[in-house]
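Sequential numbering from 1 applies to the sequence shown in the UniProt record's numbering.
These aren't lab readings, by the way, just hints derived from the structure by calculation. There's no promise every hint is true.
Restraint ranges, calculated between C-beta atoms of paired labels, are given here [claimed, not checked]:
id	residue 1	residue 2	range
1	S457	D164	53 to 59 Å
2	A415	E231	54 to 60 Å
3	D520	A349	28 to 34 Å
4	K17	I585	48 to 54 Å
5	D224	E135	28 to 34 Å
6	S496	M1	54 to 60 Å
7	K153	M590	48 to 54 Å
Even glycine gets a Cβ: it sits at the ideal position worked out from N, Cα and C.
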Amino acid sequence: MNVSEFLWKRLQEWGLKRAYGYPGDGVGGIDVALQKEIDAGNFEYIQVRHEEMAAFMATAHAKFTGQVGLCFATSGPGAIHLLNGLYDAKLDHVGVVAIMGQQARVAIGSNYQQEVDLQSLCKDVACEYIVTVTEPSQIRHAIDRAVRIARDKHAPTVIIVPNDLQLLPYSEPLMAHGFTHTGIGRTTVSKVPEDEALRAAAEILNSGKKVAILAGAGALDATDELVDIAEILGAGIAKALLGKAAVPDDLPFVTGSIGLLGTKPSWDLMKECDTFLMVGSAFPYSEFLPKPGQARGVQIDINSANLSLRYPMEVNLQGDSAATLQALVPLLRRNHNRSWRVRIEKEVAKWWKVLETRAMARAQPLNPQRVFWELSSRLPENAIITADSGSVANWYARDLKIRRGMKASLSGGLASLGAGTPYAVAGKMAFPERTVIACMGDGAMQMNGLNVMITISKYWKQWSNPKLIVLVLNNQDLNQVTWEERIQLGKGKTESTQSIPDFPYHKYAELLGLKGIYVDDPEKVAAAWEKTLDADRPVILEARTDPNVPPLPPHITLQQAKAFLSSLPTDTERSSVISRSAKQIFASIMPARKS
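Using the sequences provided together with the hints, build the complete structure.
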(Lines of atoms letter the chains of each structure in order from A and count residues from 1; the text may use other names and numbers.)
(Lines give C-alpha, C1' and ligand atoms only; values in the text may rest on other atoms or scores of the structure.)
Protein backbone atom coordinates (compact mmCIF):
# COMPACT_ATOMS: atom_id res chain seq x y z
CA MET A 1 0.00 0.00 0.00
CA ASN A 2 1.40 3.39 -0.94
CA VAL A 3 0.91 6.69 0.89
CA SER A 4 -2.01 7.81 -1.27
CA GLU A 5 -3.82 4.49 -0.87
CA PHE A 6 -3.38 4.66 2.88
CA LEU A 7 -4.69 8.21 2.90
CA TRP A 8 -8.07 7.25 1.43
CA LYS A 9 -8.43 4.12 3.54
CA ARG A 10 -7.64 5.99 6.74
CA LEU A 11 -10.16 8.70 5.89
CA GLN A 12 -12.79 5.97 5.45
CA GLU A 13 -11.95 4.59 8.89
CA TRP A 14 -12.86 8.05 10.19
CA GLY A 15 -16.20 7.85 8.38
CA LEU A 16 -15.32 10.24 5.55
CA LYS A 17 -16.59 8.75 2.31
CA ARG A 18 -17.27 11.71 0.00
CA ALA A 19 -14.70 14.14 -1.38
CA TYR A 20 -15.11 17.27 -3.46
CA GLY A 21 -12.15 18.15 -5.62
CA TYR A 22 -10.34 18.75 -8.88
CA PRO A 23 -7.30 16.86 -10.23
CA GLY A 24 -3.80 17.99 -11.09
CA ASP A 25 -0.25 16.67 -11.28
CA GLY A 26 0.35 17.92 -7.75
CA VAL A 27 -2.09 15.25 -6.52
CA GLY A 28 -1.59 12.66 -9.28
CA GLY A 29 -0.89 9.79 -6.94
CA ILE A 30 -3.85 10.75 -4.77
CA ASP A 31 -6.10 10.82 -7.86
CA VAL A 32 -5.02 7.31 -8.92
CA ALA A 33 -5.57 5.90 -5.42
CA LEU A 34 -8.97 7.55 -5.21
CA GLN A 35 -10.07 5.88 -8.45
CA LYS A 36 -9.34 2.47 -6.91
CA GLU A 37 -11.60 3.26 -3.96
CA ILE A 38 -14.33 4.54 -6.28
CA ASP A 39 -14.12 1.41 -8.44
CA ALA A 40 -14.43 -0.73 -5.32
CA GLY A 41 -17.57 1.16 -4.29
CA ASN A 42 -15.94 2.52 -1.15
CA PHE A 43 -15.81 6.22 -1.91
CA GLU A 44 -17.74 8.95 -3.72
CA TYR A 45 -15.97 11.71 -5.60
CA ILE A 46 -17.63 14.91 -6.83
CA GLN A 47 -15.64 16.62 -9.56
CA VAL A 48 -16.16 20.38 -9.44
CA ARG A 49 -15.36 22.96 -12.10
CA HIS A 50 -13.30 25.16 -9.80
CA GLU A 51 -11.58 24.33 -6.52
CA GLU A 52 -13.33 27.14 -4.62
CA MET A 53 -16.56 25.23 -5.22
CA ALA A 54 -15.01 22.10 -3.68
CA ALA A 55 -14.29 23.94 -0.44
CA PHE A 56 -17.77 25.51 -0.37
CA MET A 57 -19.32 22.08 -0.92
CA ALA A 58 -17.23 20.55 1.86
CA THR A 59 -18.35 23.35 4.17
CA ALA A 60 -22.01 22.86 3.26
CA HIS A 61 -21.64 19.08 3.69
CA ALA A 62 -20.45 19.70 7.25
CA LYS A 63 -23.32 22.11 7.93
CA PHE A 64 -26.06 19.85 6.58
CA THR A 65 -24.79 16.50 7.91
CA GLY A 66 -22.88 17.40 11.08
CA GLN A 67 -19.96 15.37 9.72
CA VAL A 68 -16.51 16.56 8.69
CA GLY A 69 -16.37 17.86 5.12
CA LEU A 70 -13.56 16.82 2.77
CA CYS A 71 -12.02 18.59 -0.23
CA PHE A 72 -8.77 18.37 -2.14
CA ALA A 73 -6.84 20.20 -4.82
CA THR A 74 -3.56 20.19 -6.61
CA SER A 75 -0.53 22.30 -5.70
CA GLY A 76 -0.12 25.99 -6.45
CA PRO A 77 -3.23 27.50 -8.05
CA GLY A 78 -5.51 24.65 -7.02
CA ALA A 79 -4.59 25.01 -3.37
CA ILE A 80 -4.95 28.78 -3.55
CA HIS A 81 -8.46 28.42 -4.98
CA LEU A 82 -9.59 26.46 -1.93
CA LEU A 83 -8.99 29.35 0.43
CA ASN A 84 -12.29 31.23 0.12
CA GLY A 85 -14.39 28.17 0.88
CA LEU A 86 -12.09 27.24 3.76
CA TYR A 87 -12.55 30.70 5.26
CA ASP A 88 -16.29 30.11 4.98
CA ALA A 89 -15.81 27.01 7.14
CA LYS A 90 -13.63 28.89 9.61
CA LEU A 91 -15.97 31.83 10.10
CA ASP A 92 -19.06 29.61 10.40
CA HIS A 93 -17.28 27.14 12.71
CA VAL A 94 -17.61 23.86 10.84
CA GLY A 95 -15.08 21.06 10.42
CA VAL A 96 -13.47 20.62 7.00
CA VAL A 97 -10.31 18.75 6.02
CA ALA A 98 -8.49 20.04 2.95
CA ILE A 99 -5.84 17.94 1.22
CA MET A 100 -3.41 19.87 -0.95
CA GLY A 101 -0.69 18.71 -3.31
CA GLN A 102 2.78 20.17 -3.36
CA GLN A 103 5.86 19.97 -5.56
CA ALA A 104 8.47 17.29 -4.93
CA ARG A 105 10.26 17.62 -1.60
CA VAL A 106 13.63 18.02 -3.29
CA ALA A 107 12.31 20.98 -5.31
CA ILE A 108 10.86 22.92 -2.40
CA GLY A 109 12.77 26.16 -1.96
CA SER A 110 14.03 26.22 -5.55
CA ASN A 111 11.34 28.53 -6.97
CA TYR A 112 9.95 25.57 -8.86
CA GLN A 113 6.87 25.80 -11.09
CA GLN A 114 3.65 25.94 -9.01
CA GLU A 115 5.68 25.98 -5.82
CA VAL A 116 3.77 28.01 -3.25
CA ASP A 117 4.54 28.23 0.45
CA LEU A 118 1.28 26.55 1.46
CA GLN A 119 2.16 26.49 5.14
CA SER A 120 2.31 30.29 5.14
CA LEU A 121 -0.66 30.62 2.79
CA CYS A 122 -2.94 28.57 5.04
CA LYS A 123 -1.62 29.44 8.49
CA ASP A 124 -4.54 31.76 9.26
CA VAL A 125 -7.43 29.79 7.80
CA ALA A 126 -6.10 26.50 9.18
CA CYS A 127 -4.67 27.91 12.40
CA GLU A 128 -5.94 24.91 14.39
CA TYR A 129 -3.89 22.42 12.35
CA ILE A 130 -1.75 22.46 9.20
CA VAL A 131 1.00 19.99 8.34
CA THR A 132 3.25 19.13 5.42
CA VAL A 133 3.89 15.39 5.21
CA THR A 134 7.56 14.63 4.46
CA GLU A 135 7.89 10.92 5.37
CA PRO A 136 5.51 8.00 4.59
CA SER A 137 4.65 6.97 8.13
CA GLN A 138 3.83 10.58 9.00
CA ILE A 139 0.62 10.41 6.93
CA ARG A 140 -1.10 8.42 9.67
CA HIS A 141 -0.89 10.99 12.40
CA ALA A 142 -1.42 13.81 9.88
CA ILE A 143 -4.81 12.38 8.92
CA ASP A 144 -5.76 11.42 12.45
CA ARG A 145 -5.00 14.84 13.86
CA ALA A 146 -6.54 16.75 10.94
CA VAL A 147 -9.86 14.90 11.15
CA ARG A 148 -10.08 14.88 14.95
CA ILE A 149 -9.26 18.59 15.24
CA ALA A 150 -11.63 19.54 12.41
CA ARG A 151 -14.42 17.56 14.08
CA ASP A 152 -13.83 18.57 17.68
CA LYS A 153 -12.73 22.17 17.14
CA HIS A 154 -15.30 22.82 14.37
CA ALA A 155 -12.61 24.30 12.15
CA PRO A 156 -10.80 23.73 8.83
CA THR A 157 -7.52 21.81 8.83
CA VAL A 158 -5.01 21.26 6.03
CA ILE A 159 -2.78 18.32 5.02
CA ILE A 160 -0.11 19.09 2.39
CA VAL A 161 1.28 16.04 0.55
CA PRO A 162 4.25 16.53 -1.84
CA ASN A 163 3.75 14.66 -5.10
CA ASP A 164 6.92 12.54 -4.86
CA LEU A 165 5.74 11.18 -1.50
CA GLN A 166 2.34 10.08 -2.76
CA LEU A 167 3.51 6.88 -4.50
CA LEU A 168 6.06 5.80 -1.90
CA PRO A 169 5.24 2.63 0.09
CA TYR A 170 3.43 3.37 3.33
CA SER A 171 5.03 2.08 6.51
CA GLU A 172 3.65 2.08 10.03
CA PRO A 173 5.47 4.34 12.51
CA LEU A 174 8.35 2.59 14.23
CA MET A 175 8.26 1.78 17.90
CA ALA A 176 11.15 4.12 18.48
CA HIS A 177 12.06 7.54 19.81
CA GLY A 178 10.69 10.35 17.62
CA PHE A 179 7.67 8.42 16.33
CA THR A 180 4.06 8.76 17.44
CA HIS A 181 1.13 6.34 17.24
CA THR A 182 -2.23 8.05 16.83
CA GLY A 183 -5.68 6.46 16.83
CA ILE A 184 -9.27 6.93 15.75
CA GLY A 185 -10.98 6.52 19.13
CA ARG A 186 -13.97 8.78 19.63
CA THR A 187 -13.78 11.95 21.68
CA THR A 188 -16.06 12.15 24.72
CA VAL A 189 -16.54 15.54 26.32
CA SER A 190 -18.86 16.90 28.96
CA LYS A 191 -21.84 18.41 27.15
CA VAL A 192 -23.59 19.84 30.19
CA PRO A 193 -22.30 22.54 32.57
CA GLU A 194 -22.11 21.91 36.30
CA ASP A 195 -25.25 21.97 38.44
CA GLU A 196 -24.38 25.19 40.23
CA ALA A 197 -24.11 27.10 36.95
CA LEU A 198 -27.38 25.61 35.69
CA ARG A 199 -29.18 26.68 38.87
CA ALA A 200 -27.79 30.20 38.54
CA ALA A 201 -29.01 30.38 34.95
CA ALA A 202 -32.44 29.05 35.94
CA GLU A 203 -32.74 31.70 38.69
CA ILE A 204 -32.25 34.44 36.10
CA LEU A 205 -34.67 32.94 33.59
CA ASN A 206 -37.32 32.27 36.23
CA SER A 207 -37.20 35.88 37.43
CA GLY A 208 -37.79 37.27 33.95
CA LYS A 209 -41.16 38.74 32.98
CA LYS A 210 -40.22 39.44 29.36
CA VAL A 211 -37.87 36.71 28.14
CA ALA A 212 -36.27 36.87 24.69
CA ILE A 213 -34.41 33.92 23.15
CA LEU A 214 -31.91 34.18 20.28
CA ALA A 215 -31.11 30.89 18.52
CA GLY A 216 -28.15 30.43 16.18
CA ALA A 217 -26.48 27.68 14.18
CA GLY A 218 -25.39 25.98 17.39
CA ALA A 219 -29.06 25.41 18.24
CA LEU A 220 -30.04 23.63 15.01
CA ASP A 221 -30.31 20.31 16.87
CA ALA A 222 -32.14 21.81 19.86
CA THR A 223 -35.53 22.53 18.29
CA ASP A 224 -37.63 20.65 20.84
CA GLU A 225 -35.70 22.06 23.77
CA LEU A 226 -36.02 25.65 22.53
CA VAL A 227 -39.76 25.25 22.04
CA ASP A 228 -40.17 23.68 25.51
CA ILE A 229 -38.31 26.51 27.23
CA ALA A 230 -40.16 29.18 25.27
CA GLU A 231 -43.45 27.58 26.34
CA ILE A 232 -42.45 27.42 30.01
CA LEU A 233 -41.15 30.98 30.16
CA GLY A 234 -43.68 32.56 27.80
CA ALA A 235 -40.76 33.73 25.68
CA GLY A 236 -40.37 34.72 22.06
CA ILE A 237 -37.65 33.24 19.85
CA ALA A 238 -35.65 35.24 17.32
CA LYS A 239 -33.16 33.59 14.99
CA ALA A 240 -29.71 34.53 13.73
CA LEU A 241 -29.42 33.94 9.99
CA LEU A 242 -27.48 30.67 10.34
CA GLY A 243 -30.10 29.49 12.82
CA LYS A 244 -33.03 29.97 10.44
CA ALA A 245 -33.93 26.26 10.62
CA ALA A 246 -33.49 26.02 14.41
CA VAL A 247 -37.20 26.53 15.08
CA PRO A 248 -40.13 26.53 12.64
CA ASP A 249 -41.52 29.85 11.46
CA ASP A 250 -45.08 28.60 11.72
CA LEU A 251 -44.94 28.80 15.53
CA PRO A 252 -46.74 31.99 16.59
CA PHE A 253 -44.04 33.07 19.06
CA VAL A 254 -41.13 32.76 16.58
CA THR A 255 -40.30 36.31 15.51
CA GLY A 256 -37.99 35.35 12.62
CA SER A 257 -34.58 36.66 11.68
CA ILE A 258 -32.66 39.34 13.52
CA GLY A 259 -30.38 42.07 12.21
CA LEU A 260 -30.36 44.16 9.03
CA LEU A 261 -32.09 41.26 7.26
CA GLY A 262 -34.39 40.74 10.21
CA THR A 263 -37.96 41.46 11.22
CA LYS A 264 -39.65 44.17 13.24
CA PRO A 265 -40.97 41.64 15.81
CA SER A 266 -37.38 40.48 16.42
CA TRP A 267 -36.27 44.09 16.83
CA ASP A 268 -39.07 44.79 19.31
CA LEU A 269 -38.40 41.52 21.16
CA MET A 270 -34.80 42.49 21.83
CA LYS A 271 -35.44 46.12 22.62
CA GLU A 272 -38.23 45.44 25.14
CA CYS A 273 -37.11 42.25 26.94
CA ASP A 274 -35.88 42.15 30.52
CA THR A 275 -34.20 38.74 30.22
CA PHE A 276 -32.06 37.49 27.34
CA LEU A 277 -31.17 33.84 26.57
CA MET A 278 -28.68 33.41 23.71
CA VAL A 279 -28.20 29.86 22.43
CA GLY A 280 -25.55 28.71 19.97
CA SER A 281 -24.97 32.06 18.31
CA ALA A 282 -22.17 34.57 17.84
CA PHE A 283 -24.48 37.06 16.10
CA PRO A 284 -22.18 40.03 15.42
CA TYR A 285 -24.41 43.12 15.29
CA SER A 286 -24.74 44.29 18.87
CA GLU A 287 -27.01 47.20 17.95
CA PHE A 288 -29.81 44.70 17.36
CA LEU A 289 -29.44 43.13 20.81
CA PRO A 290 -30.70 44.55 24.13
CA LYS A 291 -28.79 47.54 25.41
CA PRO A 292 -26.18 46.54 28.01
CA GLY A 293 -27.86 46.62 31.41
CA GLN A 294 -31.36 46.40 29.97
CA ALA A 295 -31.70 42.64 30.39
CA ARG A 296 -30.20 39.95 32.57
CA GLY A 297 -28.36 37.57 30.29
CA VAL A 298 -27.70 33.83 30.00
CA GLN A 299 -25.69 32.37 27.14
CA ILE A 300 -25.12 28.76 26.04
CA ASP A 301 -22.36 27.88 23.59
CA ILE A 302 -20.11 24.90 22.97
CA ASN A 303 -17.24 27.31 22.24
CA SER A 304 -16.14 29.33 25.26
CA ALA A 305 -14.66 32.00 22.97
CA ASN A 306 -18.20 33.02 22.00
CA LEU A 307 -19.40 33.56 25.56
CA SER A 308 -20.15 37.18 26.56
CA LEU A 309 -18.72 38.21 23.20
CA ARG A 310 -21.69 40.32 22.01
CA TYR A 311 -23.58 41.03 25.24
CA PRO A 312 -22.37 41.17 28.87
CA MET A 313 -23.99 37.97 30.13
CA GLU A 314 -24.56 37.31 33.82
CA VAL A 315 -24.21 33.52 33.47
CA ASN A 316 -22.24 31.79 30.71
CA LEU A 317 -22.79 28.07 30.14
CA GLN A 318 -20.28 26.19 28.02
CA GLY A 319 -21.93 23.09 26.64
CA ASP A 320 -23.98 21.47 23.92
CA SER A 321 -27.15 23.48 23.25
CA ALA A 322 -29.65 20.62 23.32
CA ALA A 323 -28.11 18.83 26.31
CA THR A 324 -27.76 22.04 28.32
CA LEU A 325 -31.33 23.14 27.60
CA GLN A 326 -32.58 19.66 28.59
CA ALA A 327 -30.78 20.03 31.89
CA LEU A 328 -32.30 23.48 32.41
CA VAL A 329 -35.93 22.48 31.80
CA PRO A 330 -36.54 20.77 35.20
CA LEU A 331 -35.18 23.85 36.97
CA LEU A 332 -37.55 26.30 35.28
CA ARG A 333 -40.93 27.49 36.61
CA ARG A 334 -43.85 28.11 34.32
CA ASN A 335 -44.62 31.78 33.82
CA HIS A 336 -48.42 32.03 34.21
CA ASN A 337 -48.52 35.68 33.16
CA ARG A 338 -48.79 35.32 29.37
CA SER A 339 -49.20 39.01 28.52
CA TRP A 340 -45.67 39.20 27.04
CA ARG A 341 -46.30 36.10 24.93
CA VAL A 342 -49.69 37.37 23.76
CA ARG A 343 -48.10 40.63 22.67
CA ILE A 344 -45.36 38.82 20.78
CA GLU A 345 -47.86 36.61 18.97
CA LYS A 346 -49.98 39.59 17.95
CA GLU A 347 -46.93 41.36 16.53
CA VAL A 348 -45.81 38.24 14.65
CA ALA A 349 -49.26 37.76 13.11
CA LYS A 350 -49.30 41.40 12.06
CA TRP A 351 -45.80 41.09 10.60
CA TRP A 352 -46.76 38.23 8.29
CA LYS A 353 -49.57 40.43 6.96
CA VAL A 354 -47.04 43.23 6.42
CA LEU A 355 -44.80 40.88 4.44
CA GLU A 356 -47.71 39.71 2.31
CA THR A 357 -48.75 43.26 1.55
CA ARG A 358 -45.18 44.22 0.70
CA ALA A 359 -44.90 41.19 -1.57
CA MET A 360 -48.07 42.09 -3.46
CA ALA A 361 -47.02 45.69 -4.07
CA ARG A 362 -46.58 46.43 -7.76
CA ALA A 363 -43.07 46.63 -9.22
CA GLN A 364 -41.50 46.61 -12.67
CA PRO A 365 -41.85 43.92 -13.75
CA LEU A 366 -41.70 41.66 -10.65
CA ASN A 367 -41.48 42.39 -6.96
CA PRO A 368 -38.76 40.02 -5.68
CA GLN A 369 -40.69 39.51 -2.45
CA ARG A 370 -43.61 38.11 -4.47
CA VAL A 371 -41.33 35.41 -5.86
CA PHE A 372 -40.38 34.27 -2.34
CA TRP A 373 -43.87 34.70 -0.89
CA GLU A 374 -45.36 32.40 -3.53
CA LEU A 375 -42.62 29.82 -2.90
CA SER A 376 -43.04 29.83 0.87
CA SER A 377 -46.39 28.04 1.01
CA ARG A 378 -45.24 25.60 -1.67
CA LEU A 379 -41.99 24.48 -0.03
CA PRO A 380 -41.88 20.67 -0.14
CA GLU A 381 -41.62 18.71 3.09
CA ASN A 382 -38.01 18.34 4.32
CA ALA A 383 -36.73 20.71 1.65
CA ILE A 384 -33.17 22.01 1.82
CA ILE A 385 -32.89 25.72 1.03
CA THR A 386 -29.68 27.59 0.36
CA ALA A 387 -29.23 31.27 -0.32
CA ASP A 388 -26.50 33.49 -1.63
CA SER A 389 -25.26 36.81 -0.38
CA GLY A 390 -26.88 39.98 -1.68
CA SER A 391 -30.42 41.34 -1.53
CA VAL A 392 -31.71 37.81 -2.18
CA ALA A 393 -30.67 36.98 1.39
CA ASN A 394 -33.17 39.56 2.68
CA TRP A 395 -36.12 37.83 1.05
CA TYR A 396 -34.80 34.39 2.03
CA ALA A 397 -34.46 35.54 5.65
CA ARG A 398 -37.88 37.18 5.94
CA ASP A 399 -40.35 35.76 3.43
CA LEU A 400 -39.70 32.01 3.59
CA LYS A 401 -41.50 30.15 6.38
CA ILE A 402 -39.23 27.30 7.43
CA ARG A 403 -41.13 24.27 8.71
CA ARG A 404 -39.95 21.48 10.99
CA GLY A 405 -37.65 19.03 9.21
CA MET A 406 -36.28 21.51 6.69
CA LYS A 407 -32.64 22.54 6.44
CA ALA A 408 -31.41 25.98 5.40
CA SER A 409 -28.04 27.69 5.22
CA LEU A 410 -25.78 30.19 3.51
CA SER A 411 -22.35 31.74 3.90
CA GLY A 412 -22.82 33.53 7.21
CA GLY A 413 -19.69 34.95 8.79
CA LEU A 414 -17.87 35.39 5.48
CA ALA A 415 -21.02 36.32 3.51
CA SER A 416 -19.24 35.27 0.36
CA LEU A 417 -20.89 35.85 -2.98
CA GLY A 418 -21.29 32.66 -5.00
CA ALA A 419 -21.81 30.07 -2.24
CA GLY A 420 -25.50 29.31 -2.85
CA THR A 421 -25.18 26.82 -5.71
CA PRO A 422 -22.24 24.80 -4.32
CA TYR A 423 -24.13 24.62 -1.04
CA ALA A 424 -27.11 23.25 -2.96
CA VAL A 425 -25.01 20.57 -4.66
CA ALA A 426 -23.58 19.45 -1.33
CA GLY A 427 -27.06 19.29 0.17
CA LYS A 428 -28.26 17.18 -2.75
CA MET A 429 -25.28 14.83 -2.61
CA ALA A 430 -25.83 14.27 1.11
CA PHE A 431 -29.63 13.94 0.84
CA PRO A 432 -30.46 12.96 -2.77
CA GLU A 433 -34.05 12.12 -1.85
CA ARG A 434 -34.84 15.71 -0.77
CA THR A 435 -35.84 18.69 -2.90
CA VAL A 436 -33.10 21.33 -2.83
CA ILE A 437 -33.69 24.98 -3.71
CA ALA A 438 -30.90 27.53 -4.19
CA CYS A 439 -31.93 31.20 -4.00
CA MET A 440 -29.56 33.26 -6.13
CA GLY A 441 -29.07 36.82 -7.28
CA ASP A 442 -27.76 37.35 -10.79
CA GLY A 443 -24.41 38.64 -9.51
CA ALA A 444 -23.77 35.41 -7.60
CA MET A 445 -25.07 33.38 -10.52
CA GLN A 446 -22.61 34.99 -12.91
CA MET A 447 -19.74 34.64 -10.44
CA ASN A 448 -20.09 30.93 -9.59
CA GLY A 449 -23.58 29.67 -10.34
CA LEU A 450 -23.19 29.15 -14.09
CA ASN A 451 -20.07 27.12 -13.39
CA VAL A 452 -21.85 24.93 -10.83
CA MET A 453 -24.75 24.25 -13.20
CA ILE A 454 -22.32 22.20 -15.30
CA THR A 455 -21.56 20.09 -12.24
CA ILE A 456 -25.30 19.65 -11.65
CA SER A 457 -25.75 18.51 -15.25
CA LYS A 458 -22.99 15.93 -14.72
CA TYR A 459 -24.51 14.28 -11.64
CA TRP A 460 -28.27 14.83 -11.55
CA LYS A 461 -29.29 11.53 -13.15
CA GLN A 462 -27.85 9.58 -10.23
CA TRP A 463 -30.16 11.24 -7.67
CA SER A 464 -33.20 9.32 -6.47
CA ASN A 465 -35.17 12.59 -6.57
CA PRO A 466 -34.02 14.81 -9.46
CA LYS A 467 -35.48 18.01 -8.02
CA LEU A 468 -32.80 20.66 -7.61
CA ILE A 469 -34.07 24.17 -8.29
CA VAL A 470 -31.96 27.27 -8.83
CA LEU A 471 -33.97 30.47 -8.52
CA VAL A 472 -32.25 33.44 -10.15
CA LEU A 473 -33.43 36.99 -9.53
CA ASN A 474 -32.40 38.77 -12.73
CA ASN A 475 -32.32 42.51 -12.02
CA GLN A 476 -28.97 43.36 -13.68
CA ASP A 477 -27.81 45.03 -10.49
CA LEU A 478 -25.47 44.13 -7.63
CA ASN A 479 -28.45 45.07 -5.57
CA GLN A 480 -27.41 44.79 -1.92
CA VAL A 481 -24.39 47.03 -2.40
CA THR A 482 -26.47 49.48 -4.44
CA TRP A 483 -28.87 49.86 -1.51
CA GLU A 484 -25.98 50.04 0.96
CA GLU A 485 -24.59 52.97 -1.04
CA ARG A 486 -27.96 54.69 -0.74
CA ILE A 487 -28.67 54.16 2.96
CA GLN A 488 -25.13 54.05 4.37
CA LEU A 489 -23.14 56.40 2.12
CA GLY A 490 -25.91 58.73 0.97
CA LYS A 491 -24.93 58.21 -2.66
CA GLY A 492 -26.97 57.19 -5.67
CA LYS A 493 -26.34 54.04 -7.66
CA THR A 494 -22.87 53.95 -9.22
CA GLU A 495 -23.63 52.48 -12.63
CA SER A 496 -20.05 51.52 -13.50
CA THR A 497 -19.69 49.22 -10.49
CA GLN A 498 -23.26 48.10 -9.88
CA SER A 499 -24.79 47.32 -13.28
CA ILE A 500 -24.11 43.83 -14.64
CA PRO A 501 -24.90 42.30 -18.03
CA ASP A 502 -28.14 40.54 -18.83
CA PHE A 503 -27.94 36.78 -19.39
CA PRO A 504 -30.57 34.19 -20.44
CA TYR A 505 -30.25 31.94 -17.38
CA HIS A 506 -33.27 29.78 -18.24
CA LYS A 507 -31.96 29.18 -21.77
CA TYR A 508 -28.54 28.25 -20.38
CA ALA A 509 -30.23 25.52 -18.34
CA GLU A 510 -31.72 24.10 -21.51
CA LEU A 511 -28.30 24.07 -23.20
CA LEU A 512 -27.15 21.77 -20.38
CA GLY A 513 -30.08 19.39 -20.82
CA LEU A 514 -31.87 20.79 -17.79
CA LYS A 515 -35.14 22.72 -17.60
CA GLY A 516 -35.43 26.49 -17.86
CA ILE A 517 -38.47 28.53 -16.83
CA TYR A 518 -38.86 32.30 -17.17
CA VAL A 519 -41.36 34.56 -15.42
CA ASP A 520 -41.87 38.32 -15.56
CA ASP A 521 -45.60 38.56 -14.83
CA PRO A 522 -46.67 38.77 -11.15
CA GLU A 523 -49.88 36.88 -11.90
CA LYS A 524 -47.86 33.97 -13.29
CA VAL A 525 -45.36 33.58 -10.44
CA ALA A 526 -47.44 30.96 -8.60
CA ALA A 527 -47.89 28.91 -11.78
CA ALA A 528 -44.18 29.17 -12.52
CA TRP A 529 -43.39 27.72 -9.10
CA GLU A 530 -45.91 24.89 -9.60
CA LYS A 531 -44.29 24.02 -12.92
CA THR A 532 -40.81 24.26 -11.45
CA LEU A 533 -41.58 22.04 -8.47
CA ASP A 534 -43.20 19.46 -10.77
CA ALA A 535 -40.21 19.18 -13.15
CA ASP A 536 -38.50 15.85 -13.77
CA ARG A 537 -34.99 17.32 -13.73
CA PRO A 538 -33.05 20.27 -12.25
CA VAL A 539 -34.47 23.68 -13.12
CA ILE A 540 -33.32 27.26 -13.40
CA LEU A 541 -36.28 29.50 -12.62
CA GLU A 542 -35.38 32.96 -13.89
CA ALA A 543 -37.47 35.77 -12.41
CA ARG A 544 -37.12 39.24 -13.93
CA THR A 545 -37.25 41.38 -10.81
CA ASP A 546 -37.21 45.06 -9.98
CA PRO A 547 -33.90 46.20 -8.42
CA ASN A 548 -35.50 49.25 -6.83
CA VAL A 549 -37.72 47.45 -4.33
CA PRO A 550 -35.94 48.35 -1.08
CA PRO A 551 -34.80 45.71 1.43
CA LEU A 552 -36.12 47.76 4.34
CA PRO A 553 -34.33 47.24 7.66
CA PRO A 554 -36.53 46.29 10.63
CA HIS A 555 -35.93 49.71 12.18
CA ILE A 556 -35.10 52.78 10.09
CA THR A 557 -32.78 55.13 11.94
CA LEU A 558 -32.67 58.88 11.42
CA GLN A 559 -29.16 58.56 10.00
CA GLN A 560 -30.35 56.00 7.43
CA ALA A 561 -33.29 58.19 6.44
CA LYS A 562 -31.03 61.23 5.97
CA ALA A 563 -28.56 59.21 3.88
CA PHE A 564 -31.34 57.87 1.69
CA LEU A 565 -32.69 61.36 1.01
CA SER A 566 -29.16 62.61 0.29
CA SER A 567 -28.70 59.84 -2.30
CA LEU A 568 -31.70 60.77 -4.41
CA PRO A 569 -30.34 63.82 -6.29
CA THR A 570 -27.43 61.73 -7.65
CA ASP A 571 -29.42 58.56 -8.33
CA THR A 572 -30.15 57.97 -12.00
CA GLU A 573 -33.09 55.75 -11.00
CA ARG A 574 -34.52 58.06 -8.34
CA SER A 575 -38.08 58.14 -9.72
CA SER A 576 -38.36 54.36 -9.51
CA VAL A 577 -36.54 54.25 -6.17
CA ILE A 578 -38.92 56.79 -4.63
CA SER A 579 -42.00 55.03 -5.99
CA ARG A 580 -41.00 51.54 -4.85
CA SER A 581 -39.83 52.76 -1.44
CA ALA A 582 -43.07 54.62 -0.85
CA LYS A 583 -45.10 51.50 -1.67
CA GLN A 584 -43.06 49.39 0.76
CA ILE A 585 -43.28 51.93 3.59
CA PHE A 586 -47.02 52.33 3.04
CA ALA A 587 -47.42 48.54 3.08
CA SER A 588 -45.66 48.48 6.45
CA ILE A 589 -48.05 51.06 7.88
CA MET A 590 -51.24 49.67 6.34
CA PRO A 591 -50.70 45.89 6.07
CA ALA A 592 -54.37 45.10 5.65
CA ARG A 593 -54.53 46.95 2.35
CA LYS A 594 -53.10 45.45 -0.82
CA SER A 595 -50.92 47.86 -2.78
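* Asked: Does the structure break any of the earlier hints, and which numbers would those be?
  -> 1, 2, 5
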